[in-house]
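2 protein chains.
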Amino acid sequence: MNKGVCAPKGFKAAGVYCGIRKNKTKKDLGLIYSERMCSAACVYTQNKVQCAPIAVTRENVADGRARALICNSGIANACAAGGLDAARGMCLYVAEALGISAADVVVASTGVIGPSIPMEAVRKGIPVLVEKLSAEGGEDFSSAIMTTDTFAKQVSVSFEAGGVTCMMGGTAKGSGMIAPNMATMLAFITTDAALDPAVLQIALNAAVQSSFNMISVDGDTSTNDMLTVLANGAAGNKLIEDVSGADFRNFFNALGIVCAELSKMLAKDGEGATKLIEVRVSGAENIKSARILAKSVVDSNLVKAAMFGADANWGRVLCALGYSGAEFDPFGVSVSFKSAAGEIQVCEGGAGIAFDEDKAKKILLEDEVKILVSVGRGEGAAVAWGCDLTYDYVKINGDYRT
Amino acid sequence: MNKGVCAPKGFKAAGVYCGIRKNKTKKDLGLIYSERMCSAACVYTQNKVQCAPIAVTRENVADGRARALICNSGIANACAAGGLDAARGMCLYVAEALGISAADVVVASTGVIGPSIPMEAVRKGIPVLVEKLSAEGGEDFSSAIMTTDTFAKQVSVSFEAGGVTCMMGGTAKGSGMIAPNMATMLAFITTDAALDPAVLQIALNAAVQSSFNMISVDGDTSTNDMLTVLANGAAGNKLIEDVSGADFRNFFNALGIVCAELSKMLAKDGEGATKLIEVRVSGAENIKSARILAKSVVDSNLVKAAMFGADANWGRVLCALGYSGAEFDPFGVSVSFKSAAGEIQVCEGGAGIAFDEDKAKKILLEDEVKILVSVGRGEGAAVAWGCDLTYDYVKINGDYRT
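Taken in order, these protein sequences are the chains called A and B. Quick note: the first sequence uses this note's numbering, first residue 376, plus one each step. Quick note: the second sequence uses this note's numbering, first residue 376, plus one each step.
No lab work stands behind these hints: they were computed from the structure. Nothing false has been slipped in among the hints.
Heads up, the list lumps identical chains together, so a pair's fine if it works in one copy or across two of them.
Lysine to aspartate or glutamate pairs mimicking EDC-like chemistry, simulated, CA-CA at most 20 Å apart:
(1) 713 / 731
(2) 770 / 741
(3) 713 / 743
(4) 423 / 704
(5) 397 / 732
(6) 423 / 723
(7) 399 / 495
(8) 378 / 511
(9) 423 / 702
(10) 378 / 636
(11) 401 / 511
(12) 734 / 723
(13) 384 / 410
(14) 423 / 660
(15) 378 / 506
Please work from the sequences and hints to get the whole structure.
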């Protein structure tokens with residue numbers, strides 16, 4: 376079993392049902408705890424409408440330190456009466472039960488926007504949660520933060536720092552990945568490496584650019600999106616104090632892998648999705664253009680619906696490139712589809728080329744499909760991940776609250 | 376019967392099946408002809424990838440004059456081999472059959488991106504089309520340009536200019552209205568008023584801002600979107616040469632009505648749509664912010680899916696406002712839902728308020744629903760139109776080409 380956020384030394388986790396949800400069979404409250412103080416770094420939604428837990432977490436990690444993380448599912452605690460008090464209350468209950476400071480607690484929520492969190496249920500649930508804390512609790516935590524996710528998302532990797540083997544673990548929850556205005560995305564990453572908080576924040580900011588941001592998590596985001604990294608130093612490596620040197624590089628590589636793997640899991644588990652779509656753009660003017668182009672294709676409803684239908688409708692790919700806003704030569708575009716069933720080119724020089732429809736169909740029927748786009752001879756390349764647009768997406772979102 | 380583009384004096388139209396489509400029961404070629412030379416104004420897609428007909432039309436209306444308009448459905452003539460030759464050929468065949476100059480012909484196409492137009496079928500079809508030209512042909516033309524539209528869209532209004540009663544008629548075809556990356560939108564408007572071409576273009580540019588652009592036709596558009604106005608002066612009014620004075624005001628009001636009516640028809644007939652959604656934003660800093668906010672809500676998949684499910688999930692409205700990029704105070708937002716079944720407020724001061732779910736459901740089950748949003752005390756107001764996200768949208772776009 377993947378230990379997820381409990382893979383690194385000194386971290387415990389747990390998940391319980393405390394009564395926030397109507398459905399008693401689904402956990403709704405999760406806790407991560409570190410035996411020692413952690414360096415903490417966070418990135419948040421850029422949505423102007425932000426949930427109360429983000430406001431409280433901003434206060435609590437302003438000093439770059441945290442020891443515990445509480446997260447509920449079922450209610451987003453956004454646009455809710457008494458939201459700030461509820462978020463602060465959650466931190467306070469955790470602090471009392473663990474004997475730490477409330478200012479060292481990170482708080483996150485996901486679920487329906489509007490309703491208020493039933494604090495009595497949370498107050499009673501937190502001691503139970505603390506009681507259940509264990510180094511085997513990663514899976515329980517992961518399932519406690521799920522909303523419409525169909526599987527718990529966990530990953531862990533090891534890396535070397537100062538001659539010491541360090542571990543990094545992560546978990547995430549999705550997300551109607553179908554469009555930038557997705558449901559809440561939450562991701563929590565733990566490591567037993569020792570890092571300066573400022574260095575940790577720099578690494579996190581850079582890592583999200585090529586991972587979570589390429590599944591539209593930043594800029595166009597829900598009211599609750601949040602990504603937190605906790606580093607407790609239990610591995611005993613020499614403190615990583617700057618971004619030069621092999622130790623930082625190894626840590627940063629590991630962070631990149633964890634972020635990319637979680638991002639792909641989120642995309643693959645997009646609401647109602649039947650397949651993972653990976654869009655690879657090359658030959659763009661620069662990496663910024665490449666990212667805009669790749670995201671425009673992966674966000675296109677018409678492309679997503681065509682992928683659901685295994686329809687090699689490459690014209691919609693060109694259309695999405697065209698309205699992305701990025702500069703490129705329409706007559707320099709080539710497009711191929713690729714999967715476990717093979718690869719087929721369908722467009723060259725911005726125009727269609729004859730191709731075997733049956734072979735294309737076979738390729739697009741796989742559950743992981745790559746759309747390979749070259750827009751010229753530039754150096755810019757980027758990868759974006761998404762999923763197809765299906766009947767189930769409509770069903771799930773047609774009446775999410777009931 | 377609404378005479379549409381034939382409502383104004385001196386215009387004839389026709390529509391036939393010529394063999395561009397496989398399905399012989401659906402017309403695929405339409406023609407509008409004016410007995411006298413017209414002032415012509417056009418707006419085009421801002422997509423970087425543009426179809427050949429747009430390139431040719433730009434050349435032909437550069438002098439602000441046109442007498443005929445040819446449009447096919449079934450094939451977009453975009454990213455197609457020999458596209459420019461095909462578009463020029465269509466103009467040439469029309470010119471020969473009508474005895475006019477090919478430089479006075481507007482050409483448009485809509486359909487699948489990639490394939491080339493079967494010119495032999497078009498060459499044979501155009502004389503038949505010219506033979507069928509009649510002042511009763513507006514309906515035939517409207518049906519000939521349809522793709523996934525479920526009904527032909529026509530409108531006509533009258534207005535006064537220089538003591539003369541002038542007519543204006545219009546038709547349009549949609550559009551997967553579900554997202555900015557919609558299918559092709561084409562609109563053609565005729566009037567027997569006499570206007571200077573420059574004045575006509577100014578009026579058109581202004582009119583689209585509060586109509587077609589509010590259903591996401593500009594900026595984020597298909598490769599083929601195009602809107603053309605032809606004014607032939609058959610009404611005998613004094614030439615409208617500038618934008619001051621009552622004559623221009625009356626013309627501009629009529630143009631605004633025609634554009635708004637066609638826009639609403641397009642939204643209501645969005646692919647798979649079961650209802651028209653009208654988003655009214657008020658209290659914004661300025662009209663630009665109001666438009667951004669209204670479009671962000673009407674473009675939100677999560678809002679669209681909620682409307683399909685008649686689910687009063689107002690949190691998704693706030694979410695869409697929040698990521699729109701426009702400035703506003705999240706704590707100054709109020710939201711109400713309104714339809715023939717009544718009106719209900721669900722959000723005030725950026726937070727939820729208690730409301731009767733059954734009443735909300737009844738309101739949202741109507742086939743025309745208004746989402747009323749106030750974001751503060753500013754002067755900026757705007758209206759955007761869209762439709763719900765349904766199973767049928769996915770079905771239609773899952774395998775559009777077959």
